[in-house]
Amino acid sequence: MAEVVLKHIEKLYENGFHAVKDLNLDIADGEFLVLVGPSGCGKSTALRMVAGLEDISGGDLFIGERRVNDLPPQDRDIAMVFQSYALYPHMSVADNIAYGLKLRKMPKSEIQARIKKAADMLELNDYLERKPAQLSGGQRQRVAMGRAIVREPAVFLMDEPLSNLDAKLRVQMRAEISAVVRSLGTTTIYVTHDQVEAMTMGDRMAVMKAGVLNQVGTPQEVYDSPNNIFVAQFVGSPPMNLVQGRLEESGDGVTVKIGEATLEVPASVLDERPGLRQYLGKDVALGLRSEDMEDASLLKEVPPNATLKGTVTLVEALGSEIVVHFDLPGEAVVTDDTKLVAAEIGGDDAIDVGHTGGVKWVASFAPRSRVRVGEDVTIVADIERMHWFDAHSGEAIRG
Amino acid sequence: MSNDNGPEFLGKNPDGSNPGSRTNNDPDLQLAVNREGQVLAMEELAETEGSKAPTRSAPKMSFGRWATQLGWRHAVAIIAVLFALFPILYIINVALNPVGSLSASCPPSKTGISALTCLAPSTVDFSNFTAIFNDPLKPFGTWFANTLTLALVVSFLSTLMSAAGAFAFSRLRFKGRRPGLLALVLLQMFPQILAITAIFILMTSIKEVFPLFGLGSVWGLLLIYLGGSLGVNTYLMKGFFDTIPVEIDESAKIDGASHVRIFFGLVLRLALPVLVVVFFVTFTFIFNELAIARVLLPDLRDTTLAVGLNTYVSGNLQEWGKFAAGALISAIPMLLVFGITQKYLVTGLTSGAVKG
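Line by line, the protein sequences give chains Z and F. Number 200 in our numbering belongs to position 200 of the first sequence; there are no gaps in the numbering. Residues are numbered in our numbering as their position in the second sequence, beginning at 1, plus a constant of 1000.
Hints are computed from structural coordinates only; laboratory data are not their basis. Mixed in with the good hints there might be a few duds.
As the list claims (entries may be wrong) - DEER-style ranges, computed between Cβ atoms:
| no. | chain 1 | residue 1 | chain 2 | residue 2 | range |
| --- | --- | --- | --- | --- | --- |
| 1 | Z | 130 | F | 1198 | 53 to 63 Å |
| 2 | Z | 130 | F | 1070 | 42 to 52 Å |
| 3 | Z | 105 | F | 1161 | 45 to 55 Å |
| 4 | F | 1177 | Z | 103 | 25 to 35 Å |
Remember, predicted model here, so these are calculated numbers, not experimental data. Where is the CB? At the ideal position from N, CA and C, for every residue including glycine.
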């Protein structure tokens, strides 16, 4: 058990590629931290530096009290689970699990006891004599976990351990890994590109982009108040809806103009974000999550100046909710971040069918909604829950 | 191919690449087929390769169907075997014939098909075999021992050294890695025989300082062979090592394994098929190598089999009987090596070819 502290960690490759830039993280003893970001953001490199598989170009890395920058991997008291599991194919499951212990010259009885304990925990008892090739993907994953567990290390490092599993198994293993790690109380750094894993598994999540740490916080914090457009779009499924808006003063209030629609900005929003006043007369990027919208026809009372109109392009009835894709008249927010996220989730051309111009938005309505494809729909937006970003820098507007 | 591969074939190739084995009920093969991923494929090459021939109940079918679907393959196989056996029968015949000439066993009156009857040994006489062991000027025993020593030592050392070099090129990043690899590729394009003059001069000079490793010494020839085989073998193995996931090394590193342990305990273990191929190819090459050996070991009292046997048929006096007897005996080590290694050979050769 130990805390892990990364202070100004840098990774600069010989070819000039700056993979990790000034990374600062304090991971408390026993904490489960998820490092998340799109591919190539440096999250795996950061993890491999903690493991000792990559040299650290700059900064200090502490595990417990020790500065471990120059220690080889085996002396850092860590165990790692790889995406490909990296099981030793010629050894049985038991030998795979025991390998690290044997190399450390642990007495046989102790090794047996630890294998037994890990096998019980991971339900591997029936497979101990098998070779990895004779196991299913989920079982191999468990063996990889077992190999880490028996070492009883100070820190677990996991590099996308669920990526090679199919969707159903992934959900199951997600819960299993969380449960096992929590029952052991070992500090864990978990790398993934899947924001669902990041949301569900970690005590805290750290979102990285292009080698830079963008935000650290509990999953709910990050979801509710993203630091910038990138985090807003990357965390959450579907990604946060974005549109350009213009803040204007009208009488004693403030309004925001989105395409043809004008929404009134309540005083509470302005009080919460005093910085917004500086954007009067300027463009801002507005973000709204799908669950913060409702079909106006379902509400008894439609608040004035809080509605948007759009044309429905796709309706997905999921039973508990109806996911409505619609085109909102207005100007899209296009920054490097939005492009990056679009590329990461496979582009947004999937819902190009019936696109009528404007911005593609996604709302989730109550299942009573009767919207149909091609119809116009009036949407009530929860302006209190709206996110405000600088249209150029993409940073959240707050103080 | 459809589902009707011969059982023997299945037994030797349970590597999942053979769709025919999917329908097989043997549990071993099912597992082999179900494997996913490179390592696992390799593991199984090393582990279960050729472990047992599957039991397979022959489905009942009419003769016509049998002939069109399976029978013709047997016919082709039999013809191929006859074709391959012909020279062997011939040489056995010659070796057992005391007259020791190619034509002696077959009178000129026999021509055409009837000449084929000459292939059956007309006499069984071991005088050729005893003669080659009792010629002090042409000591067959010494030749045999020399060649066997050379082949075994060079094959073993070459496999080990190439593996070490390949490990470095595949796993470590160091200055000069790329130029080194390029040099290997370039070097392996030129046969060693091109350098024969240079080698001769080199060995002549070495003889003046270190007679043990100079011209006329088996140990000198050993060094030349070893150097000549390193380039191509290292490159071949590097290609194979690259297919072993680096995560396995890294995982072992975190588990606390040293470079040495990773090399001997994991990489060499997983690369067993290609090690066997390299060993076999080098062994065969050295057993047959004539040109360099003839230049470096010209003294018939202390030379190799290829050089020695060649003298029986290259001079004025052509002793085909003794040559054939010697050739038969010298085939035994190669047969043994082949027998031991053959279960790895097919897969090892192809994987080296594709991935190297």
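Status of each hint after checking the structure:
A hinted range of 53 to 63 Å for the beta carbons of residue 130(Z) and residue 1198(F) is consistent with their spacing of about 56 Å. Look at residue 130(Z) against residue 1070(F): about 36 Å separates their beta carbons, and that is not inside 42 to 52 Å. Checking the proposed 45 to 55 Å range against residue 105(Z) and residue 1161(F) shows it is violated: the Cβ atoms sit about 31 Å from each other. With their beta carbons about 28 Å apart, residue 1177(F) and residue 103(Z) fall inside the hinted range of 25 to 35 Å.
Of the numbered hints given earlier, the model fails hints 2, 3; all others are met.
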